[in-house]
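Visitor: Be aware that the sequence shown starts at 44, since it is given in the numbering used here, and climbs by one per residue.
Some clues are possibly wrong.
In silico SDA-like pairs for lysine to any residue, Cα to Cα no more than 25 Å straight-line [claimed, not checked]: (1) K606 with V181; (2) K252 with S303; (3) K79 with Y130; (4) K537 with C477; (5) K340 with P304; (6) K204 with I296; (7) K310 with V346; (8) K308 with E334; (9) K545 with Q456; (10) K252 with R285; (11) K298 with Y258; (12) K310 with Q345; (13) K298 with V344; (14) K340 with I296; (15) K254 with E148; (16) K157 with V181; (17) K606 with K627; (18) K254 with G283; (19) K157 with Q71; (20) K298 with T327; (21) K308 with R285; (22) K204 with A331; (23) K297 with A337; (24) K545 with R425; (25) K545 with P423; (26) K298 with D602.
Derived by calculation from the structure, the hints in this document are not laboratory data.
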Amino acid sequence: MWTAALVVFLSLALCQPLRAQEDAITPQDCSLDCIKEGGPGCEYCRITRADIKTALGFNSIKEFGSCIPWPCFELLGEKDPKICQHYVHSPNNVEVEFANEPNPESDTIVVSWKPSYYGIAFLRGFQVSLQALGGSSVACQLFLFHRNLSLPASQSNRVYKSDPFPGLPLGSQYAVTVMALPVPVEWERFYRSRIFSSRSCAEKNGLDKCKNDWYPKHIEVQQEGTAITVTFNLAPPQLGIRSYFSLCYANGIKKYTDMSPNFSKNKTHHSFQMNDLQEGTNYTCEIAANEMDAVRKTFNVQVSSFPEVATLDSVSPSMALMLPLGLSVAAIFVVLLAALTWKTRLQMKKVFVKQDIIQQQEESGTQEELMPLPRNRPTPPRLLICYSSCDGPAHVKAIMQLGAFIQQHMATQVCLDLWDSLSVAEEGGMAWHCRQIRESDFILVICSRGLNRRSKPSEGSVYERADERLHYGSNVFCSEAAVQVIGEEVGRAKARGQDLSKYMAAIFDYSDETDIPNELRLVSNYMLTRDLQLLFSHLHGVSLHGPGHYLKINHISEDGFTKLPSGAALQWAIYEAQMEITAKRHHCVGSKGDSEDKK
Numbered sequence: 044m045w046t047a048a049l050v051v052f053l054s055l056a057l058c059q060p061l062r063a064q065e066d067a068i069t070p071q072d073c074s075l076d077c078i079k080e081g082g083p084g085c086e087y088c089r090i091t092r093a094d095i096k097t098a099l100g101f102n103s104i105k106e107f108g109s110c111i112p113w114p115c116f117e118l119l120g121e122k123d124p125k126i127c128q129h130y131v132h133s134p135n136n137v138e139v140e141f142a143n144e145p146n147p148e149s150d151t152i153v154v155s156w157k158p159s160y161y162g163i164a165f166l167r168g169f170q171v172s173l174q175a176l177g178g179s180s181v182a183c184q185l186f187l188f189h190r191n192l193s194l195p196a197s198q199s200n201r202v203y204k205s206d207p208f209p210g211l212p213l214g215s216q217y218a219v220t221v222m223a224l225p226v227p228v229e230w231e232r233f234y235r236s237r238i239f240s241s242r243s244c245a246e247k248n249g250l251d252k253c254k255n256d257w258y259p260k261h262i263e264v265q266q267e268g269t270a271i272t273v274t275f276n277l278a279p280p281q282l283g284i285r286s287y288f289s290l291c292y293a294n295g296i297k298k299y300t301d302m303s304p305n306f307s308k309n310k311t312h313h314s315f316q317m318n319d320l321q322e323g324t325n326y327t328c329e330i331a332a333n334e335m336d337a338v339r340k341t342f343n344v345q346v347s348s349f350p351e352v353a354t355l356d357s358v359s360p361s362m363a364l365m366l367p368l369g370l371s372v373a374a375i376f377v378v379l380l381a382a383l384t385w386k387t388r389l390q391m392k393k394v395f396v397k398q399d400i401i402q403q404q405e406e407s408g409t410q411e412e413l414m415p416l417p418r419n420r421p422t423p424p425r426l427l428i429c430y431s432s433c434d435g436p437a438h439v440k441a442i443m444q445l446g447a448f449i450q451q452h453m454a455t456q457v458c459l460d461l462w463d464s465l466s467v468a469e470e471g472g473m474a475w476h477c478r479q480i481r482e483s484d485f486i487l488v489i490c491s492r493g494l495n496r497r498s499k500p501s502e503g504s505v506y507e508r509a510d511e512r513l514h515y516g517s518n519v520f521c522s523e524a525a526v527q528v529i530g531e532e533v534g535r536a537k538a539r540g541q542d543l544s545k546y547m548a549a550i551f552d553y554s555d556e557t558d559i560p561n562e563l564r565l566v567s568n569y570m571l572t573r574d575l576q577l578l579f580s581h582l583h584g585v586s587l588h589g590p591g592h593y594l595k596i597n598h599i600s601e602d603g604f605t606k607l608p609s610g611a612a613l614q615w616a617i618y619e620a621q622m623e624i625t626a627k628r629h630h631c632v633g634s635k636g637d638s639e640d641k642k
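Start from the sequences and build out the full structure, keeping to the hints where you can.
Guide: Written as structure tokens, this is what we have:
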């Protein structure tokens, strides 16, 4: 009897955490009066934009954008202002769950988390924000407890959930941030962020339902003599793929084959022959649907050699006369080779040690090995990117695409004010930049004409310059001040003989070297996207070339980075920025010429 009771008790104890996970707290609809008065039916409430408008008396979207603000005093602090001044630590265990989404072209997520043990008695709610990496749009949700609720420390294991975030494009990267409320002044540990990617079309719907993600899974290669036959599976008919292509390359030579299968003969597989391939050569081949941005399946083809054996019957008379002469020359050659070998052995005995050292040096110098990256760094290097928005929105878009590419494919954590708008708004632009300058391992300044002209006297009236800065936003002030701070740090480090590797400057193809400020010419300068491999080498402290080894990074080479989706997006953003800046320069030159003609 006691054994049965003990088993029941242990079963209940083990099932209690599972039941707590199942009983996650979800938001509920509440009225503002219920939250302010502390009614029993409003424990965990969603706050809508209409509620904020009622509390503030104006439409918040014009002042705060798409993110719902957190007016603590207007919602909870009218009777007790101290309720908005307590310190609460950031939430723990931030997780992203994919919810059911009927639209096959988008995803829906729900964010879950647990409150921190520290300051849980003063916790008043949470704010959840979702931002696309490489974009500026932000979606926010606000959840509050009623004013009389005070959570005990035992409820720090309770799981809270957000409302669904619908309509996320497939294959995109996002940063989700969960902030604990209230947030007093000068408090940094109030939020927790996590970067995630929405599912691809193949992950959500299956490969047979995704035209852009489909690729042949089954490839069979057969060789008969010098003829190579390749058989692969065709795409499902509902995808509408009617043609395919194959690309093979070796020794700098490429072979392209275009295919249009006859679906009346075989609807599932297609075979084609590869001709004019060199014997004894290993080819790397790709096969894909003949569609834009189709996924390519890679396979290898080794063309074997089949030497022909000549018989005496097939030998021509002239060849028969040449055979004895050839045998005589071969005999003489063998005798000379034997004599030379005997002489070389005598010399080797005299200088055996020296020759052995030379041989080791030659062998070590001719071998090429792949050099692994150093693994003594526990976390990826932290890179702060500074820039100016004076060159227009296309230039800012190129900056965001560059940051996304570096973070995704260069093993680096990128800090960009456009991705951390919540902290920038909380700390202030200049304070945020100063903190990032202190905490970052590296700082990259993207120089442009708009950034460099800060040091030159501006033309036009004071009102024109003020309107221009208002048009481009507060980033103009922050970038100017940040670059001045960085320039001072560089000059100070140079005067003390300290290392300057923390600071870098770079320009895009549409900028000039003269756009680099004088104080930044003391540090490493790069041209993007040509010097992506050099930038990678700088960030990770590895050399691209060295004795007996080389660093091979195909996906960030000048030609290879465009094969990646984020690399192609970066190249297109740079092209658009170049077109926009060129058009502006032509317009300015034309306007100046017209004004001179009028004079």
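Visitor: Compare the structure with each hint and give your call.
Guide: Each hint, compared with the structure:
no. : hint           : result
1   : K606 with V181 : violated, 29 Å
2   : K252 with S303 : holds, 21 Å
3   : K79 with Y130  : holds, 20 Å
4   : K537 with C477 : holds, 20 Å
5   : K340 with P304 : holds, 18 Å
6   : K204 with I296 : violated, 56 Å
7   : K310 with V346 : violated, 29 Å
8   : K308 with E334 : holds, 23 Å
9   : K545 with Q456 : holds, 15 Å
10  : K252 with R285 : holds, 15 Å
11  : K298 with Y258 : holds, 20 Å
12  : K310 with Q345 : violated, 28 Å
13  : K298 with V344 : holds, 12 Å
14  : K340 with I296 : holds, 19 Å
15  : K254 with E148 : holds, 12 Å
16  : K157 with V181 : holds, 23 Å
17  : K606 with K627 : violated, 30 Å
18  : K254 with G283 : holds, 8 Å
19  : K157 with Q71  : holds, 18 Å
20  : K298 with T327 : holds, 10 Å
21  : K308 with R285 : holds, 14 Å
22  : K204 with A331 : violated, 42 Å
23  : K297 with A337 : holds, 19 Å
24  : K545 with R425 : holds, 10 Å
25  : K545 with P423 : holds, 15 Å
26  : K298 with D602 : holds, 19 Å
Of the numbered hints stated above, those contradicted by the structure are hints 1, 6, 7, 12, 17 and 22, listed in ascending order.
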